[in-house]
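S.K.: Line by line, the protein sequences are chains L and Z. Read in the working numbering, the first sequence has 207 at position 171, and its numbers run on one by one without any break. Read in the working numbering, the second sequence has 31 at position 29, and its numbers run on one by one without any break.
Just so you know, the hints here were simulated from the structure itself, not pulled from any lab data. Please note that the accuracy of each hint is not assured.
Here are some of the chain Z residues that sit facing chain L, going by a computed Cβ distance under 8 Å [to be verified]:
hint: 1; residue: Val370
hint: 2; residue: Gly373
hint: 3; residue: Ala477
Non-contacting residues of chain Z with respect to chain L, defined by C-beta distances greater than 10 Å in every case (computed) [what the hints assert, rightly or not]:
hint: 4; residue: Thr185
hint: 5; residue: Glu226
hint: 6; residue: Arg232
hint: 7; residue: Ile244
hint: 8; residue: Ala280
hint: 9; residue: Val324
hint: 10; residue: Val416
hint: 11; residue: Asp486
These figures come from a predicted structure and were not determined experimentally. Glycine included, every Cβ here is placed at the ideal spot set by N, Cα and C.
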Amino acid sequence: MAASSLATLRSKIESDLRGRVASPFAYRDRNAFELVSTGVPEMDALVGGLPRGAMTEICGAACSGRTSLLLSSLASRTAEGEACALVDARDSFDPLTGNAAGIALGKLLWVRCQNIEQALRATDLLIQAGGFGMVAVDLSDVPARTVRQVPLNAWFRFRRAVEDTPTILLLLEQEPHAKTCASLVVRLEAGEARWTQAAVSCYPFAKLLRGFSARGDVVRSRVQMQEQQVIDIRGTANSGCAPTRGADREMFQTETVWRSR
Amino acid sequence: MGFACVYIPDFLVQAVVRSQPSLGERALAPLAPLALISGAPPLWSVVAANAAAFEAGIQLGMTKAQVAQFGTVQICMRSEAQEQAAHAALLDVAWSVSPRVEDTALDTVVLDLEGLSALFGADENIARELARRVVAIGLAARVAVAANMEVAIHAARGFPGITIIPEGEERRLLGALPVGVLTTEAETLDVLERWGVATLQALAALPVLQLSERLGQEGVRLSELARGIRQRALVLAQASSIFAEELELDDAVEELEPLSFLLGRLLDQLCARLEARALAVRAVRVRFELQPSFEKDFQALQEELRRKPEVKQYEKVLTLPVPMRSAKTLLKLLRLQLQGDPPAAPIQKIYMTADAAAPRVAQNGLFVPCGPDPEKLEVTIARLGKLVGEGNLGCAELVDSHRPESFRMARFVVASDQNKRCGNGEPNVRENSGPRGVVTGLRVVRPAQAVRVELRDEQPVRIYLRGMRGEVIAASGPWRISGDWWQEDAWQQEEWDLAIAFPAARKEGEQKRGEGMHTGLYRIYYDALRQGWFVRGEYD
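Next comes chain Z alone, as it looks inside the complex:
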């Protein structure tokens, strides 16, 4: 078969319901009327409603006040942003099945099914799969499959559920549909109504010549559509790389818990869309519109009200080391970020975009040791960052400098090539090829601790460290180092390696060497610019 059409009935209502699942439970129920209003306040009028609302007596064009008199009818604002997001999600679903997709209307997409039977099987399977995927993005669809594209479109608009129109049966099956399913001008439909033409079968029975004399080429087109013989080419849509979801709140959210719930919903929608396109998230950008603050004195507030209030925004960017698609993990990471740096005011609008990337391919070698799961590790790193601070976590990256303590912290990434690269992708200054014997360990004292040193013939003989006096029993130095003299943070030091004996009773945890004495090996230095002695570290 040739084409499949996916049609979303009550699209405006479904787009709003999609972003508010709690509303959806009410709206999709048979006795849960919902009406959408739009327009400039206070002249709001009804622009869409679900079947239950129409049954309750709601009519298009009613004012908000009139709708409010129906106690059971839920009133919501129409959201064009949510409509665009729902439409983008619908297109994503279509692209997940076929690469040839037509963006027919906001609520309608058409797919070319040529060559898909090898992948999905029979047309019924394709239609069912399409319906399932549309449900996954939070919409309820009607799907029709036919050899003719226009037939598929009208069948989807006219018949509920999944409809398969066999080739040759188009005219008979479409005949039962009302002429209202045809896309034409309202005046033409009025003319047909005056003629008493109510169904496509009646329209198809009219002679084409006489119809063209009265309605022109539009009459011929409508007749062909009613008979299911109208042909046209598919207008291919270009796949978009922008994945965005938006949520405007009636009441501003102040606390993290309800905000997490909303973020989780947006992430679910984004991840479902990305999954439909076989993509993953590389970065998530969340922009919050904050409620204007009123914590000002009356005078300032008066001045503020004279001009248009400025909307404050707050942005968070979550960059991931590896592409992932787990909404749960992304929500945890976002929560941790927001806990560490919460917005300053209540949030009234959330705008979330995802940078898409190809999903991670985890194909390890047979002898490659298993590393931490990247998604789990990212959450752990975020938690650790909250615990110890972002700057105190990661992998050390050496800097090409002779300055002592010259390293920087980079992001820890578990990847197959992390031995060569880490953090921001710059290669390590020194590559390591494995253990090199037992190297004497140095424990660095951070920040460097000031000490008092007694000299004899310019050589240290006694040291006062942590309230204790130690005798220098062996020394090596001075090793003069300096650099960056052309910069403000120049450094010039003289390093010494010392074996120092401390009295045993006053120093806990020192090496015992002889009666009543403990010795330790230290690296100290004289800072020529600061004119003082400091301990760099202890050999261990």
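Only chain L is shown next, with the shape it has when bound in the complex:
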């Protein structure tokens, strides 16, 4: 008798919440995410990939490789046919470099903002619209003290909005600010710049910037690494889960493309 009334109550709650909560009594592991490649093998080895339906923070000082990592991630997603959005808080994205990195520019919605208020509002709208594989918010050039003033509930709102969606919310900042709202926080540090040998010994400036190295550290991760259980019948390289996480620190090299100049 008690069991049947419990079942009745349960079905009533489920019917009342229909359309708002998919399965209210089902246990959902909030740390189990689908991971996708960043486009940088070293970073995939470090963090396992970028989690869908979660917020990821990439932080670091200027020239630490944040933009390079962003371009690789966007190129990886657009190559998979996903529509992506870039909220550019200071209008600093270079389409020429993006194209050289392999981004399908036709699949990238570029929102050129003038300040952080516009950027946060635009992010809100894009997440609510849904359907984007990745929404990247570039706050790299916004001073850390300005980003610090963003209310914590804004980050909570973003996290809640992307939850249970296939969207990757990627934040680029100087310092991590989203606190526990971010499922993955990676800090990047710059290594040495690499130059080619001077073509003419008497003129030391006749050389090219080959790139620089960057080092990544996992500051915080709630992402559970798991074995890939789905066989990828498409056979694409970047669609599945990245390899199991290795060391806590990885270094990657950037390559400057000169053909665009």
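Let chain L serve as the given structure and place chain Z on it in line with the hints.
M.R.: For chain Z alone, coordinates are given in the frame of chain L:
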């Protein structure tokens, strides 16, 4: 069965009521009399009225002043534009059911039902479906189905609701109708009235020969119509591709909220018509007629009044990347457009047309990732455009030029072939095939920031950037580029890639390299035409 006829009773009244739903609630109620007036002012007279108005004592030809004495009777102006729109909507409904349609009259259409039973079932189902679709466009119809086209027309005019006339029963069923349902001259009807012929049954009983002797061939025609044996061929109407709706306002609208309500009503009507024809909207054009402005001094106003006042117009075009049919979405987009650029004066007339296109077919592959919903995305883009400006939004499209920063913003479209095409349909200059390793990112400084550079042997050694002095520790350049020398906006630059060390305490967020120093990688250039140094960007 052969033919269906859709007849709209009190068509003139219904056409006005259709564009004013608030009026419709009153007009369709049994005790809500409504009279339409027309003519040159001040000689307005009643040209149509609903049944309640006739019951209240309204007669055709009454002047406006006489009607105004009936306190409960609502007076409206007859609108030929709204009649045409209602008639076009009625034809759209007919075409949505059958491809063979006759445009019999403004209030009557006839459909050939041959071969439709496989699609709709029995004749009753077809009639019910027709009535339902007519209600969807804001009209109330009478529908009749018969094997004979003329029988269907007269049954629809004479019987309320849905009428099915079985084959062989035409004469018996039509007999009860008054001779007034016949389309003939008023003089002929007067003659029949003098003879005491009131119904079709009485008319059918008259001998044809004697009738032809007195009324001529018209008498024979009327007799055949009354007996339900008159045959004629269907005159097919050509489907129109123009979808237009018009609304003239008694009082000019100034604010966006009431205007949105009116626009929503017009969009609902347009979308219902398009849905009836299985089409979608590709673009919506809205033209507003604005109220003349009187914010002029008295002298100017006097001169203005001497000549005919010129009607100012304001037009908005809403072009959609994909055909859509959601009136709600279209209204949101129009609202956003009008919020960004509102008309300068109150609106007294709205004219809306829709460019029709085949609806979007969304058939994705099993492994194709789901993109944003095009309708939702369009609203989001409109909102973003309002937030950041139209020019600051879209997908970047590279231009085939060596000029730095050579790209243009194109419209962002989610489509299956957007990898090849974007924006205005021109192909991207460079097609992309996917990631190409980790490319060094460049963060562009927009607009280019002026800097002071100290040179030694024509090479930069020190730089003053954002109030700080930095030492150049590695450099690459100069890379000379120039172009467009034959145009006014020629450019000539010398680019340098620099590794610059800044004092640590004075620069936040720079890479730490050594004690007390931060370094950054920059691309700067010397503009030979402007004679100055600028920062193009920062490697990151």
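S.K.: Going through the numbered hints above, which ones does this structure break? Give me the numbers in ascending order.
M.R.: 10
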